[in-house]
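Undergrad: All chains should be built: construct the whole structure from the sequences, respecting the hints.
Residue numbering for the sequence shown follows the working numbering, beginning at 305 and increasing consecutively.
Any given hint could be a false lead.
What the hints assert, rightly or not - Across the chosen pairs, the derived CB separations fall in these ranges:
{"hint": "1", "residue 1": "630", "residue 2": "531", "range": "20 to 26 Å"}
{"hint": "2", "residue 1": "640", "residue 2": "454", "range": "28 to 34 Å"}
{"hint": "3", "residue 1": "549", "residue 2": "667", "range": "35 to 41 Å"}
{"hint": "4", "residue 1": "544", "residue 2": "647", "range": "39 to 45 Å"}
Said to hold, decoys possible - Heads up, simulated DSSO-like pairs for lysine-lysine below, C-alpha to C-alpha not over 27 Å straight-line:
{"hint": "5", "residue 1": "555", "residue 2": "536"}
{"hint": "6", "residue 1": "485", "residue 2": "446"}
{"hint": "7", "residue 1": "541", "residue 2": "485"}
{"hint": "8", "residue 1": "555", "residue 2": "527"}
{"hint": "9", "residue 1": "536", "residue 2": "485"}
{"hint": "10", "residue 1": "555", "residue 2": "485"}
{"hint": "11", "residue 1": "638", "residue 2": "446"}
{"hint": "12", "residue 1": "527", "residue 2": "485"}
Bear in mind the hints are in silico, worked out from the structure with no lab data behind them. For each residue, glycine too, the CB sits at the ideal point set by N, CA and C.
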Amino acid sequence: MVDLIMDPYMEDAIMDPHLAELLADDTTLPMFGYFYGGGALEMDSYLRAIGALPPLAQPPESPRTPDAYGGGVLLLPEYGDHPVPPEETKPVPVGVDHPVQRKETIEGEADQPVVTKNSTTRPQLCEPYDDDVDATLRAMEKNPEERPSPYFLEMTQGGQMTVEVRASIISFMDGFSRWYKLAAGTVHRAAYYLDRYLSVTPESNDYLQLRLVGATAVFLAAKYEDQYTLRKLNASKVAAYCGYTTDAKNKMVLCMENEILTALDYNLSGPTAYTFQDQRVKRAAHILAGASLYYYGFHRYLPSVVAASAIFLARLHILAQPWSKDLAELTGYKAIELMGCVCDMYSVMPNPCFALFQEYFFEDL
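TA: Structure follows, in structure tokens:
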């Protein structure tokens, strides 16, 4: 026997001459120690392998032993993509030749089958999701917190700002938008911001100050409509277009921008007449709706009513065709519901080339 200093894991090891001979040769076995590889645990495994230590007792079978999975194959955890196990085949019901196919349904409409492209249904006037978009816009435009006051010139402004002054501001805003070729719909949204701002904030008759308000409203609207607006327009250019030349002109625009945002309570996404028209009409209706911005009073109508009224008159002007049931279904308005706005819009048209008859408002009933 060879005298060895055993570690705690080898105190019960019974050394035989063969083991002593192996241990005497340093090159035969790797170094074992507490800080080298597996340490004493590896030595313990080796001693059990050569019979120096008794084998470990086998643990009792459990649901996670290889026999529980069948075939004696142990399923080890893997990393990466796992193959999808085949679905369990269910027995075929008695009297049925093939499994019954699950009826495909739409979520929320369990009893309604999915309508495919080959279904013989009435063609829709717009995309399926347009109904949801339109319903959301209709709800937004009726929110009183995001609507201008019906009589802000008479009440908030106290009669100091006239209808003509407001129209001149709109004209200035339109020229500003055209000069910098801002996104379509910018003027509509800027006018919407202006009316809401004037509904809660009294302004003086200082035309330079009013130009600053109008130009800043355009600046805000342009940034809302087009994320690349700052590539062509900044606060310095806004102030310069208004006529300011002082060193603090940038700060003036930023301060006015903050005032407008505060007055609007940072709600900038309300729909305008252009929002409703942009989905379904041509240039003529855009021109009519744009012309309505200059006239005080049209802000009292919902934007969707202004848009539909512009479509009404554009059809008469271009196609000589009155309102139809399809358009009533598409816009959600019957002709009789548009009569007030249509008549107001027709009255401000310069030299209309068509007559507006009363029967036009009853043909879709």
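Undergrad: Hints first: check each against the structure and report whether it holds.
TA: Evaluation of the provided hints:
The hinted range of 20 to 26 Å is not satisfied by residue 630 and residue 531, whose Cβ atoms lie roughly 35 Å apart. Range check, residue 640 to residue 454: Cβ separation about 22 Å, and the 28 to 34 Å hint is violated. Between residue 549 and residue 667 the CB atoms are about 58 Å apart, so this pair departs from the stated range of 35 to 41 Å. About 42 Å separates the C-beta atoms of residue 544 and residue 647, a value consistent with the hinted range of 39 to 45 Å.
In summary, the hint linking residue 555 to residue 536 is supported, as the alpha carbons are separated by about 19 Å, within the 27 Å threshold. As the CA atoms of residue 485 and residue 446 are separated by approximately 31 Å, the hinted pair breaks the 27 Å bound. Between residue 541 and residue 485, the direct Cα distance comes to roughly 14 Å. Compliance with the 27 Å bound is thereby established for this hinted pair. Annotation: proposed proximity of residue 555 to residue 527 holds, straight-line Cα distance about 18 Å (limit 27 Å).
Taking the CA atoms of residue 536 and residue 485, the gap is about 9 Å. The hint holds against a cut of 27 Å. Distance restraint check for residue 555 and residue 485: the Cα-Cα separation of roughly 24 Å lies within the 27 Å cut-off, and the hinted pair is therefore satisfied. Proposed proximity of residue 638 and residue 446 is supported: the alpha carbons are some 18 Å apart, at most 27 Å. As the CA atoms of residue 527 and residue 485 are separated by approximately 13 Å, the hinted pair is consistent with the 27 Å bound.
The structure is inconsistent with the numbered hints 1, 2, 3 and 6, although it conforms to all the rest.
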